[in-house]
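Student: Chain by chain, the residues run as shown.
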Amino acid sequence: MSAGSSGAGPAGAQPLLSARDLVQEFVVRERGGAKGGVVQAVSGVSFDVMPGETLGIVGETGSGKSTLARAVLQAPRPKSGTVTFRGTELTALHGRKLLQARRHMQFVFQDPFGSLDPKWQVRSIIEEPLVAYRAGGRAERRKRVDELLDLVGLDPARYARRHPRELSGGQAQRVAIARAVALEPSLLICDEAVSSLDVLIQAQVLNLFERLRSELGLSYLFIAHDLALVKQVSDRVAVMYLGKLCEVGPGEAVYRQPLHPYTRALLDSIPSTEPGAARAAATIKGEPPSPIHPPSGCRFRTRCPRAADLCASEEPRPRELAAGHMVACHFPLTQPAATDTTAAAGTTAAAKGAAE
Amino acid sequence: MSEALLEVADLRVAFATAGREVRAVDGVSFSVRPGVTLAIIGESGSGKTVSCRAIMGLLPEGTIISGSARLRGRELLGLSDSELRRHRGSEMAMVFQDPARSLNPTMRVGVQIAEAIRTHRKVSKREAQAQSIELLRLVRIPAAERRFHEYPHQLSGGMRQRVMIAIALACRPRLLIADEATTALDVTTQAQIMELMLELQQELDMALIMISHDLGLAASYADEVIVMYAGKVVEQAPAGRLFGAGGAVRMRYTRALLDAIPHLERPAHTLLPVVSGRPPDPSALPPGCSFAPRCQYAADDCRTKAPVLAEHAPGHSWACWHPCENGGTA
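So the protein sequences, as listed, match chains A and B. Under the working numbering, residue 357 is the last one in the first sequence; the count climbs by one each step, no gaps. Under the working numbering, residue 583 is the last one in the second sequence; the count climbs by one each step, no gaps.
Please keep in mind that the hints were generated in silico from the structure rather than gathered at the bench. Just so you know, even glycine gets a beta-carbon here, dropped at the ideal spot from N, CA and C. Mixed in with the good hints, there may be bad ones.
[What the hints assert, rightly or not] From chain A, some residues computed to sit far from chain B (all C-beta separations above 12 Å):
hint, residue
1, 22
2, 61
3, 83
4, 90
5, 130
6, 210
7, 217
8, 257
9, 307
[Said to hold, decoys possible] Taking beta-carbon pairs under 8 Å as the criterion, some of the chain A residues facing chain B (in silico):
hint, residue
10, 169
11, 192
12, 196
13, 234
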């Protein structure tokens, strides 16, 4: 795999979504409303998603990956930084203009039942975005709902009039996906969209995502805690730890030659069906520190087996060590061969923007 | 080979709902020896949790349970609640998926451990406290004396699960059942908790039953694996026989589960081999093999006659009329 933008347009193409230096913080209140601290949920994250590309973001609880997704959606708006979607800067928009700009960016969340109104019939749920954006007359919209149900593999005759409680988890998630693609978005943001499903149902939904990708030309921002899952659906993978991206690269490269010690630890922790493979017990110790008081320098240093004094005093800047493969680490795991470094000079905009 | 600690034979569990009997567990048999880790794998509703709750006596009144579950030769099924309480905790204990909901949010964690100790043993409060701190150390919680005085909300998910394990181990049980104990945890924390449980198992010579939906977890940590579908055991074998290079999975459902696991080796955008449909409604099971409606290899006999679980190779049982050859990897 040469560059980080396989599946993306030609080099120099405009990214579909471009986030720069996103920062999101939340104030924690103590008893009585006194300011207790500031959760630094997302701290200067930049990435690009090219047309037709899937960018996967992997991170553990508290890494800020969901906050990042919401910052992209402007719900709530990021504290600072910019989000450019289809050439429009979202952070400057308000009201109707923001609504129109967001039309082509849709969301699928983890809990399908939590995001479907229990009192509504499936067809009304899927129709809602069409109504909201005044897409066609009533008869036209109903016809579109049937098409959408077909698209996600649910028979309209059987499911259109059901209520969410009459659906299984996998079916409910299909309804949520049908609603998300109703307005023919160009970007689908999936936040742990298959995490609550049983493995066989999960495979069905993953295949549905792949089919929609090729049939509708969708791009994805695919967020999950499971690196194996993220890698399987993504062209490029970004690894997030405590509000920052620590490694971004082509999925295959991140797996074959991880550069950040945290990525290595994540890979080693995945249970494998090869007996003994995952029992290299030397994964990281301890737990992530509080995002209210993140460590100085590199945020991973308190758990990192390679940490040195430099890691505490100086924050590692993202570096491109192989074609499209960025890492923010003073002591990356492998120094790639010199040829890789020269090849890195001519990379695409997508790769460059990835971890700046 | 040492003697079985727990022996379950032909366990059946049915719930009576709205006048109908819903069979959740249908003739499950297995045994566990001390020092051995048994994984019971299945999807939601396969009966894996209900089986273990039946053994622990944790099912609601009115549940119809038959068969036998012997712990060190003594029958557990049919015991009264007070008789069972003597076994629970001291001989067998369970750790659940959600530590946040299993712990009392208004009590300091140390007090909750001490309570577990004092329920089963006549010791002074001071002695129970000392033992609690010892248990917190046992589950590798740093600064145990300080943590003793903290409330559950002050601990992370991984720490809370360690506290749950400490409570489960308070009376040094011989059998520990972990029901999706690491499912809610991050993958690095999951690895830590699994390592901890296996270490403690060796230290205390316990038998460990891990209930999970994740075959990968079974492959990485278990000695024996049972796969359940629609209330029945469909395949049972040593982990080494099912997974890895020479893996010899025979039951089609096990194969499907294994194929559906996200795999780092797969190139991006690969379509997964997919099994359509979903598990059958336990109140309306198909007449033949329960998996037949979803199985692409199902033939006429599968739809009319249920295959019986039988030991077809040493230590390896499966219930399938047309099992995979060569582990199904083709």
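Student: Next, verify each hint and record whether it holds.
Tutor: Status of each hint after checking the structure:
no., hint, verdict
1, 22, "holds, 27 Å"
2, 61, "violated, 4 Å"
3, 83, "holds, 28 Å"
4, 90, "holds, 30 Å"
5, 130, "holds, 27 Å"
6, 210, "violated, 10 Å"
7, 217, "holds, 14 Å"
8, 257, "violated, 9 Å"
9, 307, "holds, 16 Å"
10, 169, "holds, 6 Å"
11, 192, "violated, 16 Å"
12, 196, "violated, 10 Å"
13, 234, "holds, 7 Å"
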